[in-house]
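Number of protein chains: 4
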Amino acid sequence: MSSIGVVFRVTTFGESHGPAVGVVIDGVPAGIQLNEDYIRRELNRRRFCHIPVLNPRCEDEDFQILSGIKDGLTTGTPIAIVVWNKRAVSNYYMDIWMKPRPGHADLAWYLKFGKLYDFRGGGRASGRETVARIAAGAVAKAILKQTIDVDVSSHLIELGGVSISRDDYTFNDVAKSWEKPLPMIDDEAIEKAIKVLINAATEGDSVGGIGEVLTTEVPPGLGEPVFDKLKADLAKAVMSIPSTTGIEFGLGFKLARMRGSEANDQIVLRNGKPRLETNRVGGMLGGMSIGEPIRFRVAFKPTPSIRRPQRTVDLEKITETTITFTGRYDISTAPKAILAAEAMTAIILVDHAIRAGLIPRIIRK
Amino acid sequence: MSSIGVVFRVTTFGESHGPAVGVVIDGVPAGIQLNEDYIRRELNRRRFCHIPVLNPRCEDEDFQILSGIKDGLTTGTPIAIVVWNKRAVSNYYMDIWMKPRPGHADLAWYLKFGKLYDFRGGGRASGRETVARIAAGAVAKAILKQTIDVDVSSHLIELGGVSISRDDYTFNDVAKSWEKPLPMIDDEAIEKAIKVLINAATEGDSVGGIGEVLTTEVPPGLGEPVFDKLKADLAKAVMSIPSTTGIEFGLGFKLARMRGSEANDQIVLRNGKPRLETNRVGGMLGGMSIGEPIRFRVAFKPTPSIRRPQRTVDLEKITETTITFTGRYDISTAPKAILAAEAMTAIILVDHAIRAGLIPRIIRK
Amino acid sequence: MSSIGVVFRVTTFGESHGPAVGVVIDGVPAGIQLNEDYIRRELNRRRFCHIPVLNPRCEDEDFQILSGIKDGLTTGTPIAIVVWNKRAVSNYYMDIWMKPRPGHADLAWYLKFGKLYDFRGGGRASGRETVARIAAGAVAKAILKQTIDVDVSSHLIELGGVSISRDDYTFNDVAKSWEKPLPMIDDEAIEKAIKVLINAATEGDSVGGIGEVLTTEVPPGLGEPVFDKLKADLAKAVMSIPSTTGIEFGLGFKLARMRGSEANDQIVLRNGKPRLETNRVGGMLGGMSIGEPIRFRVAFKPTPSIRRPQRTVDLEKITETTITFTGRYDISTAPKAILAAEAMTAIILVDHAIRAGLIPRIIRK
Amino acid sequence: MSSIGVVFRVTTFGESHGPAVGVVIDGVPAGIQLNEDYIRRELNRRRFCHIPVLNPRCEDEDFQILSGIKDGLTTGTPIAIVVWNKRAVSNYYMDIWMKPRPGHADLAWYLKFGKLYDFRGGGRASGRETVARIAAGAVAKAILKQTIDVDVSSHLIELGGVSISRDDYTFNDVAKSWEKPLPMIDDEAIEKAIKVLINAATEGDSVGGIGEVLTTEVPPGLGEPVFDKLKADLAKAVMSIPSTTGIEFGLGFKLARMRGSEANDQIVLRNGKPRLETNRVGGMLGGMSIGEPIRFRVAFKPTPSIRRPQRTVDLEKITETTITFTGRYDISTAPKAILAAEAMTAIILVDHAIRAGLIPRIIRK
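Residue numbers (UniProt numbering), protein chains in the order written: chain A, 1 to 365; chain B, 1 to 365; chain C, 1 to 365; chain D, 1 to 365.
If you are wondering where the hints come from, they were derived from the structure by calculation, not from laboratory data.
A few of these clues could be false.
[Stated by the list, open to error] From the structure, some residues in chain D lie toward chain B, with a derived Cβ separation under 8 Å:
#1 T11
#2 V24
#3 G31
#4 L116
#5 S163
#6 R166
#7 Y169
#8 A175
#9 K317
[Unchecked claim] Mimicking SDA-like on lysine to any residue, the simulated pairs with C-alpha atoms at most 25 Å apart in a straight line are:
#10 C:K70 <-> A:H17
#11 B:K254 <-> A:R257
#12 B:K195 <-> B:Y169
#13 D:K273 <-> C:E316
#14 A:K180 <-> A:R41
#15 D:K86 <-> D:D71
#16 B:K273 <-> A:T322
#17 C:K86 <-> A:E36
Built from N, CA and C at the ideal position, the CB exists for glycine as well.
So here's chain A without its partners, still in its complex pose (with noise of 0.2 Å):
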């Protein structure tokens, strides 16, 4: 279904090539700030509009506030955010029409409904339903802002197999990053992994990459054992968005291969309160936040979309057929996927972070 979340409950509607993408977000606390120019801001981070071979084209999202904010400030009504779609070009979709694309959503979507799947640019597969996911992630971090203190932000530390050089890095680094031509931490790997997209977008490829989101810390008790413990959620959003292949926490399956007297992470005091000398786990114990930064990170695969021609089936004459895509496409979708995945982050940590009673229904300024 196209809701997620317990009582912060984000619902995303819209196809690519329809009128328009869009999301009601429901269980908003009253008193939040929230703003036309924040949210634009937050999907502009979409645009990467310094690697063509990324995005193409580099202009504003058309979107709608529809509900929820009256004087600045949220009412805790549900609020509506419509994006609207400015491309129009499905014509070279259909060349595959019934011809699913390898890798792609393609294949699950007629076999589930046949004909009636809206293919064009993906439909509701489309890297473009995360636009709406977002818009809600830009909601959900100001909630976290402004109630409990809390930053989200994400970084790639791999693309097209360029790694980045350091692991020293601070969560400022990697809020920062975001100004550069790509989130990374260190230049010398943005310059190589632009080469690299370079390369495979020349040789009609694409590549994948790994991506990771981080928290400043967390206050404790976000998390509902046994099955809705913050990690569980965090998983099951995070792999929600195209694209993921894997989702690790903290050291995630290094932690596997190691003995318990190396990977327990120690609890220490420090001002007064215990913590985590380490944070091999990734900021939860049992699941649920304990006051540390939270970290994970996510396996995304290359672009299913290439230029070269793919063996698929032809669905209607039932016969094996080659299909060459001609349309546009990222060469790799890690860049807004791992926003997608910062977005999704923000929404679980309000949707505990509720349940846990740390956010109330208003906030008083």
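We have chain A already, so just place chains B, C and D on it with the hints.
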């Protein structure tokens, strides 16, 4: 919260050192054959009688089915199963009262529920709670088998740093691995892994591992975009299991380093149906099943309990201190935890198969 | 929250004096025929052009379908519908700033959300919100008709104390009542009721009414014991409509005064099927449908807005005061509210029919 | 499904003639004082020892608390309570195999689950299931009392056509009515009602009744517009109880016949707070609590089981037939059912008070 699933809904209850753990399974189709022997066999898979360091005791669980079954068939009403707790040795837990064990959920529970937390044996955060999941998973597996003929199994691909040496195994190889001392398809690896376990036990340490869940072919259409994707719900369900630190579908993180031309599974005709030539993606596209087997890997961190002094904070005195755990512990949680992952997979598959309309309310024989 | 339904899920948004009200309808089966004309006709049933005291304006709603429909068929993705608000006359609401109108939701909203409450035109609590429900109900009714061939309609059985004189009406009588000035099956009652409305308007007062929703035969099996009974979910859905004060199924409160021998509907064979000889119970047993038409009655209190001085409290000055509403108001909410009840009924029936497995994901023509 | 509530979630299980009925109560705040004696007292309110025609047996329920309580305090984890079934007399139910009893849920269950339905004693549809609700309601009432100091009680205002003669009763009058043979505030009415019950029993017939639930002052802010209004959720919860046929809040259906000038509760200052001068509306505006007591009435139809021949259909032979019930039955379900309504009210109030942020996760003594 302690419930998972939308129309097939599993609710667990119980603490490690309370009278019982148990589960209520709601939304069960009527007409499924179920009996106590079958449930017992599934619960017994957690025993590992041949590996004393994994489980020093080797006796049957004492459980009762309280509702939902009549004359060996499910009736369509909730099935409640109670598994009585036998172990009552809570004494040595008094030493850790208000002294959270590093790596355990203790700290999170103390920070959320304070002195009210039932810390004995880990309370609700104990691996003991997964017994209830196994019972529910047994019911779910019976439903899958008797309705859409899907099997679910699991195995370990790595334990304490020892990996299996083959990757050409079949579903049957995996299923049969449970007849061995450890659920690994590779006898040599088992031998090595047991040595590693014994060695770690001798040193008062613990080890982690990586497991894999896989299924036979899952019919297309399971998964509800955009948030309740099958991939997303599996990730949530699995990451709600204690000690999990990461999950990856298909080739997972490796896909992030590939190019699109390498990563994309070509679509071919097999028996008149569109199928993936390879299945690098793990059996889902767009987060939905497509007729392929589903497979994913899960990382489990080493058991946090070790018999070595560790640093922690006395939450009453607000001082740093050291604790050494002297109670019983599993040298690795991985063998039991992968069973829980298998169970959660079956639960999610049933929920989605019902939602997709593939499992009717009444199974007519 | 602003969502209802488990697998067919309706989310509304919007305030009376904001840019728009709207709805996202999730879980729509693919293949349902839907177009704007049909939606418009349903929205127009709220207009009551011939009864100026009910609605001084008589113009079409300005709405857009943003997603979920392609080539006149639903695609299985969420349908978003935006209905733009035209009326912008918010001035006279300044008089009631922080002075909750007796009988209105104002007091509750002020107590919950304080000064952030959008009080203009009742904000989110306005009957205006039900436009979004009517739109969703239109979609639901199309689904019911095209899948399980169920019709839903409604009428008023009492308005301002004027009752219809017959109780031998058919479903068709009821459905056709919407072609009359008021949805009552009895022309004489209509004439009298209009006089009562005009009279009340002249006196600056308002009136209440009782409506009835009924359906054609609903296939057995809708309703999920023990909490999600169809009866229970209908009660919730209907009692969420502004101005409702009671609901009774079948003979309702009269059944409480009967003996079992009088109240029990005898079970007879009709066309080879078990049917109720009478249908005093309103079409459900054990809270589930049984093949009978469903029917229930709803009480609507008089419109709280009246043009007479009423006592209230100035929440800023904390003093008692008097207000006299001078804006436009509906002399009775009952005619529009019973339409909302009809819509909510259709929504709940679709949700339950999908849950019961009676409506597939794809409707194949 | 068998769960109700969003953050305070109650799941019941069990059939009338199975081993047990029971309940899992999730989302319980930590620190609530609870013990077995209190639960037992609440369960005992169902016994009606002094009215043999209501309950021929007068013995304590045999129940166990399996989890969630330690040292007399809730720990914040799910509380599971099992109530063992003692009565095993299922023999006389063989006569009604596949012959649904008029007025009972039998027909609905047969139509939904066929021969798999556990028809003995009504199976899951039996009033026996409400024992689990009473247990959960006891927990809910303890939470309400210990956190927001709200009491909930109930009584009968009409039984078998005998009404109480006063409407000037207080909450205490109502609460104390449970010390009488029947929960009615009027001794004369009790005397008459008992005669009616005995008379109906003699004639092999049954009677219905009307009950009322009321509370002390409920703090403002409970209820989540627009669908999860408190009024709506109460209606659902109450209408999920077997034998209910209607619910009305405050003056209910009478309000539909009033004018606005009569119906509106004027808002006055009392102890510095805005309050309703009257409370005709039943304690909610806009479906939310406003600081007033909540009150509503519920209609219960007569017990469908009667010792007279009734017409039904033999679902195996597909022929009309006649059955005469010879087992034990309650002459009226109303006395037990109003208790269930009281319990459901407490459950819904806790759920909404947590959602509104009025009940914290930990109650510190």
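Checklist entry - Would the pair K195 of chain B and Y169 of chain B pass a check requiring their Cα atoms to be no farther apart than 25 Å? => result holds (24 Å)
Next on the checklist: Given the hinted pair K86 of chain D and D71 of chain D, is their Cα-Cα distance within 25 Å?
Outcome noted: Violated - the C-alpha atoms of D71 of chain D and K86 of chain D are around 29 Å apart, more than 25 Å.
Checklist entry - Is it true that the CA of K273 of chain D sits at most 25 Å from the CA of E316 of chain C? => result holds (12 Å)
Item to check | Restraint satisfaction for A175 of chain D [CB to CB of chain B, less than 8 Å] | outcome: violated (30 Å)
Item to check | Satisfaction of the G31 of chain D interface hint, Cβ to chain B closer than 8 Å | outcome: holds (6 Å)
Next on the checklist: Can you verify the interface hint for T11 of chain D: is its Cβ closer than 8 Å to any Cβ in chain B?
Outcome noted: holds (5 Å)
Checklist entry - Minimum Cβ distance from V24 of chain D to chain B below 8 Å? => result With a closest approach of 5 Å, the V24 of chain D hint holds.
Checklist entry - Does Y169 of chain D pass the interface check with chain B, least Cβ-Cβ distance below 8 Å? => result Violated. Min distance 39 Å.
Item to check | Hinted pair K273 of chain B and T322 of chain A, Cα distance within 25 Å | outcome: Holds, at roughly 16 Å.
Next on the checklist: So if I understand the rule, the pair passes when the alpha-carbon distance is 25 Å or less; does K86 of chain C with E36 of chain A pass?
Outcome noted: holds (22 Å)
Checklist entry - Does the CB of R166 of chain D sit less than 8 Å away from some CB of chain B? => result violated (43 Å)
Item to check | Hint validity - L116 of chain D Cβ closer than 8 Å to any chain B Cβ | outcome: Cβ of L116 of chain D sits 4 Å from chain B, so the hint holds.
In summary, the numbered hints that this structure violates are 5, 6, 7, 8, 9, 15.
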